[in-house]
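Engineer: Chains as they are written, first to last, in the working numbering: chain A, 1 to 318; chain B, 1001 to 1373; chain C, 2001 to 2276.
All the given hints hold, so there is nothing to weed out.
Here are the computed lysine-lysine pairs in the DSBU-like style, where the Cα-Cα straight-line distance is at most 30 Å:
(1) A/Lys-118 x B/Lys-1211
(2) C/Lys-2268 x A/Lys-223
(3) B/Lys-1219 x B/Lys-1155
(4) A/Lys-223 x B/Lys-1122
(5) B/Lys-1075 x A/Lys-223
(6) A/Lys-275 x C/Lys-2223
(7) B/Lys-1155 x A/Lys-223
Each pair of labels, with its calculated beta carbon distance range:
(8) A/Leu-224 x C/Gly-2177: 54 to 60 Å
(9) C/Ile-2018 x B/Lys-1211: 42 to 48 Å
(10) A/Ala-45 x C/Ala-2048: 52 to 58 Å
(11) A/Val-119 x C/Asp-2132: 55 to 61 Å
(12) C/Asp-2168 x B/Lys-1219: 49 to 55 Å
Treat the hints as calculated values from the structure; they're not laboratory data. Since this is a predicted model, take the numbers as computed values, not measurements. Think of the CB as a built atom: it goes at the ideal place given N, C-alpha and C, for glycine as much as any other residue.
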Amino acid sequence: MAESAAPPRARFVAWLAGGSIADSRQAPMRTILLFLAPALIVYAAFTIYPVLRTFYNSVHTIGPRNAQTFVGLDNFTALLTQDRVFWKAVVNTSIFTVVGTIGDVLGGLLLALCLFAKVPLARTLRVVWFTPVLMSYVVVGIIWVWLYDYDWGLVNLLLGWLGLESWQQSWLGDPATALWALVVTHLWKWLGFNMIIFLAALHALPEEVLGAAELDNCGWFAKLFHIIIPMLRPTLVNLLVLSFIGKMMMFDLVWIMTGGGPLWSTETVSTYVYKRAFNWNTFDLGYPSAIAVLWFIMILLFVMLITRLLRSRDRLEF
Amino acid sequence: MATVSIDKLSKHYAGGSEPAVKAVSLTVADGEFMVLLGPSGCGKSSVLRMIAGLEPITSGTVAIDGRPMNQVPAKDRDIAMVFQSYALYPHMTVHANLAFGLRRRRVPGAEIDRRVRGVAEKLGLTPFLVRKPHALSGGQRQRVALGRAIVRDPKVFLFDEPLSNLDAALRVSTRNELIKQQHELGTTTIYVTHDQVEAMTMGDRICIMNKGEVVQIGKPLEVYRNPADAFVARFLGNPPMNLLPARLEVAGDRVVARFADLALDLPGYALPALKPHVGGAVTLGIRPEDLYEAPPPGMATRTQPIETRVVAVEPLGAETLLMLTIGDSGPEIIARIGRDTGLRSGGGASIAVDPQALHLFDPTTTKAIPRTA
Amino acid sequence: MRLWLNHLRRTPLVLFLILYTIVAGGPFLWVMSMSLRTTPEIFDNPYALPVKLHWEKFANAWFNSNYGTYFWNSIIVVVAAVALLTLIGAMAAHCLARYRFRGSRLVRFVILSGMILPPQLLILSLFQILLDYGLYNSLFGLIIVYVASQLAMTVYILEGFFAQLPQDLFDAARMDGYADFEIFWRITLPIGIPAIFTTVTLNFIILWNEYLYAVVLLTDDDKRTLPLGIMHFMGGHQLDVGMIATGLMIAIAPVILLYALFSETMIKGMTAGAVR
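Isolated chain A (complex conformation):
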C-alpha cells in the first residue's frame, strides 16, 4: 500500500538506480543497459550500421537521389579484372605500407636504443622527437610540400650545398620519386611514436637478465641480437601490425601532398575510394563501396597472416 502511494517519478528513479545486490560482480540487467546503452546506441547507429550499409552498397549501384540497382558481384569483378587504376593503387599502397612499416619499426627501435644508451638529455630529446606525432597531417603535409619544392625547398637546397646538384629534382612532381617522398614524410611523422613504445619496453626489460648476458660474454651487439630483440618480440609484432594497418588505410597525407598524382603514382586505395565517390563524373556510391569492402577483407587477411606467422607461441614471462 505504501508502494503504490509513492509518486511514479520516485519509483522510476528508484528503478533506474537499481537495488543493492550482495555480489558486486552482478547487477540487474537494467543497470547494465543503463551503462552500455549510450555507447551501444551511438556505436550501432554510426559504426555498425554504416559498415553493414557499405557491404550492402557494394553489391548495388547507388545513383543520385538514392537510386539503387542490385548488381550482384559485378562491382567486384569489374574491380578485379578491369580497373587498372585500382591495381595501381594497390601496388602503391602495398609499397608504401611495406617500406613504411619496416622503416617505421626499425627506425623507432634504433632511436629508442640511442636513448636507452644513457645519453645525456635523453628526456628532453624524447620530448622533441615525439613532436611530429602530435601534428595534423595537414600541417605535416604542407610543410613537406614546401620542403620538397623544386626551387626553394630545403631538400634541394641541401643537396646543392653538398654538391649533389644532379640529385635535385621535383620530388613530388616526378612519378618515379613521389611515392618515396611520401614514405619519407610519413616516417618523419611516426618514428617518434614507435620510439616511445620501444623505449618503454626497453626500460621494462629485467636488468639482471642483461647483466647475466654481459657475464656470458655478450658485447653490446650480441646483447642486442640474442637477448634484447627476442625479448622485445611481442612489442615488435604489435607495432608491426599497428603500423601496417595504419598505412594500409592512409588517406590524409597522400590527399594533402599529391592528391594521388602525378599520374596515379601516389594513388592509394583510400584516395581512390574518395575520388570514385566524390570526384568522378558519374555519381555512384556502389563501386567505391565495393573497393572499400575488398580492401578491408584484404587488410584483415594480411593481419591474420602476419600475426599467425610472427607471434611467439609461448608467453614471454619475466
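Put chains B and C on the given structure of chain A with help from the hints.
Structural biologist: Showing chains B and C alone in chain A's frame:
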C-alpha cells in the same frame, strides 16, 4: 680456482649523500666459501656487483689471482653469477640457457653438449632441458641458474641472495645442495645474503657488513662467540643477544659488572682490558641461551642468579622463550630455556646466568672489549 | 687516454642525436618563423629568422581569412566530442570491467573490433546516413561521428585500466550501501582519472587533427574545422606561403601549448593504445 682480493673498494652512487661502500678490503682464498652478510642496504650487493664488473668502481681495486680487474669488462673476468631473480633468458629453453655462455665463448658444439648434459644430470634438470623458464617452478629455475654458472667452469662463483625467493622448506634443501656442489667443484665462492642462518651454515668465513663498511671477518663460530661490536652481537643469533647498560666497579680484588642490584663476576676478561672502563658505564651482553631456569649440571658453582619477573612465556615446541624483566620493572631480556618449564607469566623467576658467557661493549664506540677466553 | 677513446666512440652517436633532433624539431621552428614574416620576405630568403615580427598577420588570419571561425568550430567539435566520449566510454568500460553478464564477451568483442575498421568502410555510408537524417554539413553530425569513431579505442583503454582496480574496493562500497551508478560516479571515475586523462589527451589530439571525416561531412565555410580551413585557404592562395604558415601556427599552437605543459601525459596518452 682463484683468489679474490679487494682493496679499499668504494662506491659512490650519483645523487647519494653517503658512499654506498666505504673502503672495503677483503681477501678470499682459493676454493673458499666467503659469505657477505649484512642487513639490507649495507652495500654487500654493490660489492658483489663491482667484483662482477656490472657496476663501475668509484675507487679501490678488485684483483683476481693477483690481476687487477678494474678495467677488465665483466665478460672477460671469467666469473659466473647467480642472481636473486635467477635472470634466466625467458625466450630460450633450459638447454639454451645453459649453453649460451659457452656458445658465446666459441666452445665447440660437442663439448658444449657434453658439459650441458653433465650439469643437467648433476642437478636433476635432464627432463627439463627442452622447457622454457616460465614452465618451471621456482626451485627448478634456481637450479637452472646454478647450472648456468657451473657449466661455465669459471674461476669464481658469485651468488646474490639466490635463496630469498624460495619457500622455507625448499630453501633448506637447496642450501645443502649448494654446499655440496661447491665442495665438489672447489670453486672460490662469494655469497651475499641477509640471512644469518645461511651465513652460519654455508660459509667457511663470513664477512659482516653494515652501512657500507666491513665490521668483522672470521669463521662463523668465531664471529658468533666473539662479536667485534654490538651490531654483530645482535645480528647473529636468534633471538638476538640481550644488551643492558651496566657499570664496572671494583669489588674487593675483582672487577664486577653492576646492574640492577646485581654484581656479576667477569671471569672471561683480563684486568688490563677492563681497567680503562672501571668506574664507568659499559654495555653488557648476554645471549638468551646463556640464561638458565636451573643451572645445568657442572655449572652450578659458576652461575649467579638474577631475580626477574616473567612477562610472557612462548613455548615453541622444542624450546621455550621467556620474556623477562630484571627485578619488577627493569629492562627486558629474553631467555631461551628447555621445553619443560613450570614458569607462568606474571610470576617471579630466578634465572641463572653464566658469567663466563658475558660480553662487554664500550657504550660509546659499541666495540667489544677484548676477552681472554 | 681510455676516457678519451670512450668519448671518441660516442661521437657518431652524439652527432646522430643532434642531427635527428634538428630534423624532428626544425620544421616547426621554421613554420613558427615563417608565420611572423610576410610572403615577400619569405620568398626573398625562405630560411632566415624574422626581422620584424608581424603579429598583425595573426589578427589578419583570424578576422579576414576566417581562421577565427575555423578555430572555434574545431574547439566546439573537439571539446564536445571528447566530453561525450569520456562519459559514455567510461560508462561502457566500467560496465564491461566490473560486471559479469551473459553477452559481455560479445559486446566487448564487437566494440573493440571497431579499432581496426578503416574509415573508408564507413565514410560513404555515413555520408548517406547523415544526408538522410539532415545531419549533413552540421557540427552536431560531425560530433556524433567523431564519438563513434573513437569509441572503440576509448573503451579499450579505459576497460583495461578499470579491470585492474581491485574488486575489494567495490565490494566494500557495495557493503556500504552504494548503488551501482553511485559506485561508478564516486569510485571508478575519481580513481580512474589517470586513464581518463590519457584517453582525453589521445582523443583530443586525434580529433583536433582529423581531416577525412570532416572533409566529407562538412561543406559550408562557416562550419569548417581548422584542418579543412587551412586546406581551403591553400586551395585559393597557394602562393601566400606567409599566411598559410600563420594559419598553420594557429592550428598547432594549442597542441604545442598543451604539450609544453603536459608533455609526459600527452606522450603516455598518445601511445596508450599501442602499449601492451
